[in-house]
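Undergrad: All chains, full assembly: derive it from the sequences and hints.
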Amino acid sequence: MTLRLTQGSLRHANGVDALRHIDVQIAAGEQVAIIGPSGAGKSSLLHLLATALKPSSGDIEVLGERAWHVSARQRQRLRARIGLVHQAPPIPPRQRVITAVLAGKLGQWSLGKSLLNLLHPLDVAGARAALARLDLGDKLFAHCQQLSGGQLQRVGIARVLYQAPEILLADEPVSAMDPVLAGHTLAILSRHARERNVTLVASLHAVDLALAHFPRIIGLRDGQILFDCPSAEVSRDKLDALYANEQLQSPAPAVAPLIVQIPRC
Amino acid sequence: MLKADSRDPAAWPRLLLTLLALALLWPGIELSELNLGVLLQADSQNEMGRFVSAFWPPAHDQAFLQLLFKATLQTLAIATAGMALALLLAVPASLIASRALSLSAASRGGVPSLPGRLLRWPIRGLLIFLRSVPEIVWALLFVRAVGLGPAAGVLAIAITYSGMLGKVYAEIFESTDQRPAHALLQAGSGRLAAFAYGTLPNVAAELLSYTVYRWECAIRASVVMGFVGAGGLGQQIDLSIRMFAGGEVASMLLTFLLLVLCADQLSRLLRWRLT
Amino acid sequence: MRRLINLLLTAAIALSVVASFAYLELDLAELGSANSLKQMGSYVQRFLSPDLSAGYLKAIVHGSLETLAMSALGTLLAALFGIVLALPAAGRFGWPLQSAARLLLNGLRAIPELVWAALMVLAAGLGPNAGTLALALHTTGVLGRLFAEALENTPPQPAEAIRLQGGNPIVAFCYGTLPNLAPQLLAYCLYRWENNIRMASVLGFVGAGGLGQMLYVSLSLFQEAQASTVILAMLLLVFLVDWLSAWSRQRWVNA
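Residue numbers (our numbering), protein chains in the order written: chain F, 396 to 660; chain C, -8 to 266; chain P, 3 to 257.
Some clues are possibly wrong.
Stated by the list, open to error - Here are the simulated SDA-like pairs of lysine to any residue, each with C-alpha atoms no more than 25 Å apart in a straight line:
| no. | chain 1 | residue 1 | chain 2 | residue 2 |
| --- | --- | --- | --- | --- |
| 1 | F | LYS534 | C | ASP(-1) |
| 2 | F | LYS508 | C | ASP(-1) |
| 3 | F | LYS449 | F | GLY459 |
| 4 | F | LYS449 | P | PRO52 |
| 5 | P | LYS40 | C | ASP(-1) |
| 6 | P | LYS40 | C | VAL124 |
Calculated directly from the structure, the hints in this document are not laboratory data.
TA: Here is the structure:
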């Protein structure tokens, strides 16, 4: 098992339970989508799997290692093999796109090489290749603050592609893109994962995109898994149960006016 | 794919900039005779060590403390009197120099006519000149002109700070919304009235805040000017350093730090209360 | 109630102004009298014909370059030491180091440059070295505090993301925090350089070299013509640095 979360729970500092007793097992090379309403805990689950957050209870095992039972140094080395695409790309606005992309390999480069890269980019061709797969090859030397939201998200994805991790986790990777571009980008991610046997786990808002590009769907609601099945088995009922929201009910149908017959005497 | 595109466009500028910096660094070090090692040399460490060891205990005999108290009061008085005189000069200068009172600007969208701009230039130039010469140079000049003592300090602060205050006031007037004043000017009111009713209410808080902050700076400046004979705490510190009286220097430095702290708190209180 | 307090405060301020004049026993009437003004007038007149001979101009140029070098190197050293001290002062290495760093920075900046210069002249002898060290020490306190505040206000997400990828803390700082911080740091350095060029001119009064020393000497020898040339050179230097600083700010900070 590449990713195994056993009875994982996450409690935020303010006492709110983000995840409750989740069991997830993902094999190498699988492609999984996580869907669910806002606030269900999709980001928290991905951050748990990326070893960004420590579970309040339960155990997480990544690439055969129990992530929180090894030394910090080993965990850092483990993290270099996991790539997380953040929902809001954590890139300083004044940085150039090429530096932002090349930062993907910082977990693998030595200190000297990393610092030298700041002065002069060391692998222009590699960065260009990563960007070209996302149709951003011409923006190599632009500043990140000059890009639109969707372009910035693609730079974040390019950084993780350049990192070439064994596990690729994506937190709402296409939220700022129009539907056509979103579908195109997800297809690229999917193809990349298939070609290199990379495990891909993505959380998505758009259910149709999830169903179209991912063979396995996990439905998350209120910090618990509602269903975990192949995408062909995701039915209308399951989706309704997932996204049901009593407070957003449509107005009750108009009641037929009561006609009172007042007898004329 | 264009071959030229693989070259980092920032490579050349960065290289040139680095070479320029190195080219300037070498003569710079030569000219300033920079030698950090002098701080670590045995004999200068001995010298400093002896001086610093004389700091303890700080002098605290009765006569000296009285002298210290008088000197502190003198410093405060120099700063306050200097600021008062500075305001006397700065307020009219800022009103004349600021475009906020320009009659021609009212009907031209905030940009004064050419005569309007030309006539304001001399005053602006004067204000810039007054604040560009460091206040201690003024202090030195006034000490030569009117003799040692606090009078030189007061005049030096008055001159420099009138330039600073005048320029900043003029800028504050111009940075606020000009339309109320313009409306009044176009309705026929006099310039000062239009200013008082249209601009002043908006900027009063910022003006007060800046003035109180400058008063606090004036206190530090008075101490520094004392080194050239303009009275106050600074003059005493200079005398004590020359006499190698480490204990006295220590007491005075502590008093100075305390003074600056109190002035900082007072200025915060005033700014909070009055704005 | 609020009006009453404000009125009392205003009255107190007015009273303190009057008291200041009284305490100093400043005789403004005496200062403004015809005799005194005539004296000041003739003093000023001696400044109106500056000495522009070739030999003296060479000395002025050398003094100006010395002053420029003092201010620039002092600010540069202060920036380096400031960033080193700002990291603990912003709490990156724990609470005890933070208190110690803040104490050190506050101490360095509370003592004015002129006092530092007097002390450095004692330690390093007369000359521009004392001035450079004095400026460096004082400005380290100022810049260190400003840098620490800027460091506390930068968003931590970029650096955290790099740590999450397996990068070590140094690399996370350089790639994640520094790009956000660098324009702000540069702006502070330029602003202090503008201030330091004015101070560098003046530190010479206590023997720290540069134009200040020339001014002090010429005024003490009552050579007003030479003194006015030095003042003109000081003004030119201040304008030059202000212009360079504004250009640099435009080019690298506002972009």
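Undergrad: Hey, LYS40 of chain P versus VAL124 of chain C, does the alpha-carbon distance stay inside 25 Å?
TA: Satisfied, since the Cα-Cα distance of roughly 23 Å is no more than 25 Å.
Undergrad: Given the hint that LYS449 of chain F pairs with GLY459 of chain F, does the C-alpha gap stay at or below 25 Å?
TA: holds, 17 Å
Undergrad: Sort out whether ASP(-1) of chain C lies within 25 Å of LYS40 of chain P, counting only the CA atoms.
TA: violated, 67 Å
Undergrad: Could you grab the alpha-carbon distance between LYS449 of chain F and PRO52 of chain P and see if it respects the 25 Å cut-off?
TA: violated, 74 Å
Undergrad: Between the alpha carbons of LYS534 of chain F and ASP(-1) of chain C, is the straight-line distance 25 Å or under?
TA: holds, 12 Å
Undergrad: Hey, LYS508 of chain F versus ASP(-1) of chain C, does the alpha-carbon distance stay inside 25 Å?
TA: holds, 17 Å
Against the hints set out earlier in the document, violations occur for numbers 4, 5.
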